[in-house]
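Undergrad: Below, each chain spelled out in residue letters.
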Amino acid sequence: MGFRWDLVWSSLPALLQGAKLTVQLTSIAVCFGIILGTIAGIARLSKSPLRLAAASYIDIIRGTPLLVQTFLIFYGLPSLISRPIPAYTAAILALSINSGAYVGEIVRSGIQSIDKGQWEAASSLGLSGSQTMGLIILPQAFRRILPPLGNEFIALLKDSSLVSIIALEELVRKGQIIIGRTFRPFEVWLAVAIIYFVMTFAVSRLVNVVEKRVVAH
Amino acid sequence: MKKLSVLFLVLSLVLSVGSLALGQGVLKVATEAGFMPFEYVDAETGALLGFDMDLIREIGNVLGLEVQIDNIAWDGLIPALLNGNYDCLIAGITITDERKEAVDFSEPYFESVLTVVAKTGGGISSLDDLAGKIVAVQINTTGDFTASDLYDAGDVKGVSRFDTVADAMQAVIIGAADAVVIDLPVAEAYLEANPSAPLNHSGPVSDNEFYGIAVNKNNKDLLEKINGALATLKAQGIYDAIYQKWFGGM
Chain Z
1 MGFRWDLVWS
11 SLPALLQGAK
21 LTVQLTSIAV
31 CFGIILGTIA
41 GIARLSKSPL
51 RLAAASYIDI
61 IRGTPLLVQT
71 FLIFYGLPSL
81 ISRPIPAYTA
91 AILALSINSG
101 AYVGEIVRSG
111 IQSIDKGQWE
121 AASSLGLSGS
131 QTMGLIILPQ
141 AFRRILPPLG
151 NEFIALLKDS
161 SLVSIIALEE
171 LVRKGQIIIG
181 RTFRPFEVWL
191 AVAIIYFVMT
201 FAVSRLVNVV
211 EKRVVAH
Chain L
1 MKKLSVLFLV
11 LSLVLSVGSL
21 ALGQGVLKVA
31 TEAGFMPFEY
41 VDAETGALLG
51 FDMDLIREIG
61 NVLGLEVQID
71 NIAWDGLIPA
81 LLNGNYDCLI
91 AGITITDERK
101 EAVDFSEPYF
111 ESVLTVVAKT
121 GGGISSLDDL
131 AGKIVAVQIN
141 TTGDFTASDL
151 YDAGDVKGVS
161 RFDTVADAMQ
171 AVIIGAADAV
181 VIDLPVAEAY
191 LEANPSAPLN
201 HSGPVSDNEF
211 YGIAVNKNNK
221 DLLEKINGAL
231 ATLKAQGIYD
241 AIYQKWFGGM
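Heads up: the protein sequence lines correspond to chains Z and L, in order. Under the working numbering, the first residue of the first sequence is numbered 1, with each subsequent residue one higher. Under the working numbering, the first residue of the second sequence is numbered 1, with each subsequent residue one higher.
Bear in mind the hints are in silico, worked out from the structure with no lab data behind them. Among the hints, erroneous ones may be present.
To be verified - Far from chain Z, by Cβ distances over 10 Å, these chain L residues were calculated:
no., residue
1, Arg99
2, Ile139
3, Arg161
4, Gln170
5, Ala171
6, Gly203
What the hints assert, rightly or not - Residues from chain Z shown here face chain L by an in silico Cβ test under 7 Å; the list is partial:
no., residue
7, Pro49
8, Ala53
9, Ala55
10, Ser56
11, Tyr75
12, Ala167
13, Phe183
14, Pro185
To be verified - Label-pair distances were calculated between CB atoms; the ranges are:
no., chain 1, residue 1, chain 2, residue 2, range
15, L, Gly122, Z, Pro13, 50 to 58 Å
16, Z, Gln17, L, Leu191, 34 to 42 Å
17, Z, Ile81, L, Phe210, 42 to 50 Å
18, L, Gly237, Z, Lys20, 41 to 49 Å
19, L, Pro198, Z, Leu72, 46 to 54 Å
Glycine included, C-beta positions come from ideal geometry on N, C-alpha and C.
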């Protein structure tokens, strides 16, 4: 029973198909996560009642496992709304809501890191609160939070493997299926690990490039 | 130098304890206890119960071995046997040609068959009725293989592969899938244990399948012993008693 490179190669097409779904799920969830997170982050710092809602959202999501959230959405939600939720939708929902909470905290820290004097300066120039947030604070905050956002995306890319539990055939699930037919776990898991690494490495390089550009401007 | 010898001492101690655990007196068995009535976890005591569990404990009795059973993921059973973590597997594993390439099987100890489980009154009562439907299965089971073949032939719309039988059944209940292809005795036990589930099964839909106890290919000695024990249990009527206990009412 030597190491069989041929198995690594022959499983690649199916694994890459799974990786495609992994990238798809993660990219969509990242977009929703940024939107949700920005709203939650701003709301948490506001003085409106939304502040409590945002704080609860962040605390509850960060305080419960993504796996449980996925189960709740896929198995639990349908009985509440009395219609099935396709696994794909459930996965996007779970990953987006989960990521949104973490991004929310990142955004909050980004906003708080901008000097308070800028608020005063903006208001003395006649800008409203939302204008200051949208035009002055957020652009600077996003520049600062790029590295932690990049980390969050890499984490989400890896965490997306959890949705295999609701029968989505992303990278990990494809690996399990191949192992169930070849009984060669080492080769297949190694190939899966390599593909994950290539993907996360690409994301971290991409974040680096964007970071350099943004800082240069 | 002193440190090194201490390290060796600790290491050899650990190794000897380890080899004791794998030694003569113990039969290390792995199962996946989500397969009632063959193997399941008793909700109150946490004990592993079922036809397979009784059978392997009796086999241990005949062989004079203490039976230690671990409940692990279905997916990990054969890999865990191959890497030497366990001596044998008993988990309602159907003997297939593909699996025989990886492991050895005992003589068949149970004759089973596949069925289709679907929503009551939904008009699905055979494999043919699955055309255009989404089939939920437990990953890497014969139900999965059958559904996958149907999918490859374009006869079903999709196959959703879940980790456990319960998850696959639940997918049909919530409407995320249309039917489950699964072993008939397990479907019957599930429906009996969950009378409120709006599901029914369609009786046998496949050729008969045979369950075997899986043993590592390099352990022919144990395979022979298990086969001998199975024959003894059948001759002594113990096998029949276990069968009656779990399937007597069916």
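Undergrad: Hint by hint, note whether the structure agrees.
TA: Okay, the hints, checked on the actual structure:
| no. | hint | result |
| --- | --- | --- |
| 1 | Arg99 | 8 Å, violated |
| 2 | Ile139 | 6 Å, violated |
| 3 | Arg161 | 5 Å, violated |
| 4 | Gln170 | 6 Å, violated |
| 5 | Ala171 | 7 Å, violated |
| 6 | Gly203 | 26 Å, holds |
| 7 | Pro49 | 34 Å, violated |
| 8 | Ala53 | 28 Å, violated |
| 9 | Ala55 | 32 Å, violated |
| 10 | Ser56 | 27 Å, violated |
| 11 | Tyr75 | 6 Å, holds |
| 12 | Ala167 | 4 Å, holds |
| 13 | Phe183 | 4 Å, holds |
| 14 | Pro185 | 4 Å, holds |
| 15 | Gly122/L / Pro13/Z: 50 to 58 Å | 35 Å, violated |
| 16 | Gln17/Z / Leu191/L: 34 to 42 Å | 35 Å, holds |
| 17 | Ile81/Z / Phe210/L: 42 to 50 Å | 44 Å, holds |
| 18 | Gly237/L / Lys20/Z: 41 to 49 Å | 57 Å, violated |
| 19 | Pro198/L / Leu72/Z: 46 to 54 Å | 21 Å, violated |
Violation of the numbered hints given earlier is confined to hints 1, 2, 3, 4, 5, 7, 8, 9, 10, 15, 18 and 19; the remaining hints are satisfied by the structure.
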